[in-house]
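Chains as they are written, first to last, in my numbering: chain A, 1 to 439; chain B, 1 to 439.
Don't read these hints as lab results, they were simulated from the structure. Mixed in with the good hints, there may be bad ones.
Any copy will do: because identical chains look the same in the list, a pair fits if it lies in one copy or spans two.
Distance condition first, Cα-Cα at most 16 Å in a straight line; then the derived EDC-like pairs of lysine to aspartate or glutamate [unchecked claim]:
#1 K283 / D127
#2 K102 / E91
#3 K2 / E68
2 protein chains.
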Amino acid sequence: MKYSKLFGKTRHSPPCDADSVNAKLLTQAGFIEKLAAGIYNFLPLGKRVLEKINKIIREEMDAVEGQEILMPSLHPIELWQTTGRDKTMDEILYRTRASGDKEFVFGPSHEETVTPLAAKYIKSYKDMPLSIYQIQTKFRDEPRAKSGLLRGREFGMKDMYSFHASDEDLDDYYEKVKQSYSNVFTRCGLNSYIIEASGGPFSDKYSHEFSIETKAGEDTVIICKKCGIAQNLELVEVKSRLNCVKCGSSLEEMKAVEAGNIFKLGTRYSDAFNLKFTDKDGKVKPVIMGCYGIGNTRLLGTIVEAKHDENGIIWPLSVAPYAVSLILLGQEKDVVEKAEEVYEKLLKENIEVLFDERDESPGVKFKDADLIGIPLRLVVSKRSLEKDGVEWKERDQKESKIVTMKGLYKELEFALRGSHSLSSNPPTAGRLLHEFLNK
Amino acid sequence: MKYSKLFGKTRHSPPCDADSVNAKLLTQAGFIEKLAAGIYNFLPLGKRVLEKINKIIREEMDAVEGQEILMPSLHPIELWQTTGRDKTMDEILYRTRASGDKEFVFGPSHEETVTPLAAKYIKSYKDMPLSIYQIQTKFRDEPRAKSGLLRGREFGMKDMYSFHASDEDLDDYYEKVKQSYSNVFTRCGLNSYIIEASGGPFSDKYSHEFSIETKAGEDTVIICKKCGIAQNLELVEVKSRLNCVKCGSSLEEMKAVEAGNIFKLGTRYSDAFNLKFTDKDGKVKPVIMGCYGIGNTRLLGTIVEAKHDENGIIWPLSVAPYAVSLILLGQEKDVVEKAEEVYEKLLKENIEVLFDERDESPGVKFKDADLIGIPLRLVVSKRSLEKDGVEWKERDQKESKIVTMKGLYKELEFALRGSHSLSSNPPTAGRLLHEFLNK
Numbered sequence: 001m002k003y004s005k006l007f008g009k010t011r012h013s014p015p016c017d018a019d020s021v022n023a024k025l026l027t028q029a030g031f032i033e034k035l036a037a038g039i040y041n042f043l044p045l046g047k048r049v050l051e052k053i054n055k056i057i058r059e060e061m062d063a064v065e066g067q068e069i070l071m072p073s074l075h076p077i078e079l080w081q082t083t084g085r086d087k088t089m090d091e092i093l094y095r096t097r098a099s100g101d102k103e104f105v106f107g108p109s110h111e112e113t114v115t116p117l118a119a120k121y122i123k124s125y126k127d128m129p130l131s132i133y134q135i136q137t138k139f140r141d142e143p144r145a146k147s148g149l150l151r152g153r154e155f156g157m158k159d160m161y162s163f164h165a166s167d168e169d170l171d172d173y174y175e176k177v178k179q180s181y182s183n184v185f186t187r188c189g190l191n192s193y194i195i196e197a198s199g200g201p202f203s204d205k206y207s208h209e210f211s212i213e214t215k216a217g218e219d220t221v222i223i224c225k226k227c228g229i230a231q232n233l234e235l236v237e238v239k240s241r242l243n244c245v246k247c248g249s250s251l252e253e254m255k256a257v258e259a260g261n262i263f264k265l266g267t268r269y270s271d272a273f274n275l276k277f278t279d280k281d282g283k284v285k286p287v288i289m290g291c292y293g294i295g296n297t298r299l300l301g302t303i304v305e306a307k308h309d310e311n312g313i314i315w316p317l318s319v320a321p322y323a324v325s326l327i328l329l330g331q332e333k334d335v336v337e338k339a340e341e342v343y344e345k346l347l348k349e350n351i352e353v354l355f356d357e358r359d360e361s362p363g364v365k366f367k368d369a370d371l372i373g374i375p376l377r378l379v380v381s382k383r384s385l386e387k388d389g390v391e392w393k394e395r396d397q398k399e400s401k402i403v404t405m406k407g408l409y410k411e412l413e414f415a416l417r418g419s420h421s422l423s424s425n426p427p428t429a430g431r432l433l434h435e436f437l438n439k
Numbered sequence: 001m002k003y004s005k006l007f008g009k010t011r012h013s014p015p016c017d018a019d020s021v022n023a024k025l026l027t028q029a030g031f032i033e034k035l036a037a038g039i040y041n042f043l044p045l046g047k048r049v050l051e052k053i054n055k056i057i058r059e060e061m062d063a064v065e066g067q068e069i070l071m072p073s074l075h076p077i078e079l080w081q082t083t084g085r086d087k088t089m090d091e092i093l094y095r096t097r098a099s100g101d102k103e104f105v106f107g108p109s110h111e112e113t114v115t116p117l118a119a120k121y122i123k124s125y126k127d128m129p130l131s132i133y134q135i136q137t138k139f140r141d142e143p144r145a146k147s148g149l150l151r152g153r154e155f156g157m158k159d160m161y162s163f164h165a166s167d168e169d170l171d172d173y174y175e176k177v178k179q180s181y182s183n184v185f186t187r188c189g190l191n192s193y194i195i196e197a198s199g200g201p202f203s204d205k206y207s208h209e210f211s212i213e214t215k216a217g218e219d220t221v222i223i224c225k226k227c228g229i230a231q232n233l234e235l236v237e238v239k240s241r242l243n244c245v246k247c248g249s250s251l252e253e254m255k256a257v258e259a260g261n262i263f264k265l266g267t268r269y270s271d272a273f274n275l276k277f278t279d280k281d282g283k284v285k286p287v288i289m290g291c292y293g294i295g296n297t298r299l300l301g302t303i304v305e306a307k308h309d310e311n312g313i314i315w316p317l318s319v320a321p322y323a324v325s326l327i328l329l330g331q332e333k334d335v336v337e338k339a340e341e342v343y344e345k346l347l348k349e350n351i352e353v354l355f356d357e358r359d360e361s362p363g364v365k366f367k368d369a370d371l372i373g374i375p376l377r378l379v380v381s382k383r384s385l386e387k388d389g390v391e392w393k394e395r396d397q398k399e400s401k402i403v404t405m406k407g408l409y410k411e412l413e414f415a416l417r418g419s420h421s422l423s424s425n426p427p428t429a430g431r432l433l434h435e436f437l438n439k
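Work the whole structure out from these sequences, hints included.
As structure tokens, then:
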């Protein structure tokens, strides 16, 4: 993509009403644009990151046998009356009256549609375990929409629902999803802590949150960094502040964003919707349910909260809008031609590249590149060509170096492709490269 | 995917309230499930088809330099008051009152958000032409939601908007999109006719519809099959019924579904939102706009209307939920093992396969396979193994034949991969194979 053609350019300064790092940086860098409080447009750069996050989520949900579906946002009010959540969640519901005076709710969650849907197909224990998920917009009339993408009124979510014939089967599956959630956050370049939490309006049973350490976090969490145990401050306080039971280390407080949560719903929704099955012994029993949520747009904001410096965003390669930021400096014919040649070659090699070919000063271009935060910056200039090369600098490193034209594609291949096969913490192009060079 | 694990099985009979071929077949085959009038769940099979359609749409929009974005569904009412469409489209608007008593509309279209969004970035003629699109849910309170996915209250749409410095530039781009729309329908296995149409509430200027011939169509269209000219009956009637001016042939009436439409909006929305630019000569002028819509969920329904027989759906390979329907007949150990072996091999070769390994009669399995409509059916049975092979039958052919195990993957490779490289009418596995065998 040529930067001059890209819809959604950088701005000189962040919008004055941005109340968080993610809103500031994502707006200033041209990823999102606010329409109203808690309601955002995703511009091409933001949409690309969102799709990369979605791809990671889909792969991890598919790996635990999740099947993707898509449920509607318009829910007949009767469904919400059935569970009583038309009253318990009344304050955040967007309601509408349609032709024929029927009332609908715009789904803030989908237990009320997924349970009757599952009831059409689950009849026997043989139909379970079953796990279905969707990536769908949620609508919640948050009284305090704030913190950019962290607390929105219209936001994206992956919500998965599982159905089981026994508590033991739910317990087993719940542990698998716990691992798959950790994988999602790790692959997005984040460290997550699993926290025991109260279920809120979604569950009477126990649940877990996945917390990411960031300064903008809404939650205060007590963690033992040694053994990875964490708890919500509200739960801990009633027990008084103790050292970690497991290892005896002292506990630390951290600000965190809740990036995902999982709930054992038990039979709350299956009871409400009469979702029953016939067991091996011929007995009719209620289905046991679990549900599992990750806010994909919130995750995008969380990554920015966790991965930035004073100059802008630092995208992990796995979710970066482009892998390479190619910058042309100068408008001399041979320099322009060489930069175009590198651009064409990268496109041909299917390396995602944003090519800044504008006639702007080095200062403007470097500032924009740092703000946008693409992991690897390649500069073609008169100076680099004197050494028959391209200047190579990673966003998270201070130093740059010249890579010869001849060696460029081999190094790129290694730095960029390497990460796709790793399921653990995705290294940046920089780290991978340094490992390679130090061999 | 093993059929026994798939969420969304076939039903014995279509739902009694289904009022169209697409609603009947898609529901009975387990692709969709109605939540309320004009509001549907997409089950895993339906979601897979929808994603294939979306991929084709994205590729064709990207080919005309469209950049993908995502705009919100919640629109502040003030935006709709600005264009006056809060009144002209009043009947179909879903409205809601949010906290602070603010009123919102759930977007039935996105001119009201895209125009002010573009205004933040378009300042000069150098910022154009620009084309941005999204695939997003639309909400329209249709008084007569009917015909399954053809006329819904909540439905998917790809909507693209283009911005130009001159009418000539819009005209050029409009012709390019016309071609890209024809490509989309062709790649989905459909014959489309381009029809001059009135713009309705979306446009004062002229516009074109893309009509697909189907018996369930809402529109009556007059076409000249010889030269491909078509017009809406309402427009033609005022002129009286003539022979085709161009070739003198007699005109035919056909029932059609409108599967896409394109509009020259001119300055209607840029005037309303003060979207102006500075031209080469320094003059400030209003931006000229076009907009281009394809209902992706409606397109899914249209394909079913156009591609089915008395036994079920006949998916074109390009949008089929799976390329191969693998059927195991019998539960003898060697037959089961061979079927499993073929299944594993297909998965390894990245051939999308739905494996019906249930312990059901051949009649049940064949009936389900015909209903679901996957293009290629492979049967592993005692009989086929006696000939050291697999029974090969295409959904749109009557005959079957035995393909040896040895020759199977080569034939599959040819039949299935061949279609991806073709940009013209995608052949079914059957047609491709027959061409191959007749060489």
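Taking the hints in turn, this is what the structure says about them:
Within a single copy, K283 and D127 get their C-alpha atoms as close as 15 Å, which meets the 16 Å cut-off; across copies the closest is 68 Å, which misses it. Taking identical chains as interchangeable, the C-alpha atoms of K102 and E91 lie at most 16 Å apart only when they sit on different chains, with a minimum of 14 Å there against 20 Å within one chain. In this assembly of identical chains, K2 and E68 lie within 16 Å of each other by CA distance solely across copies; the values are 15 Å between and 34 Å within a copy.
This entry satisfies every hint, going by the numbered hints stated previously.
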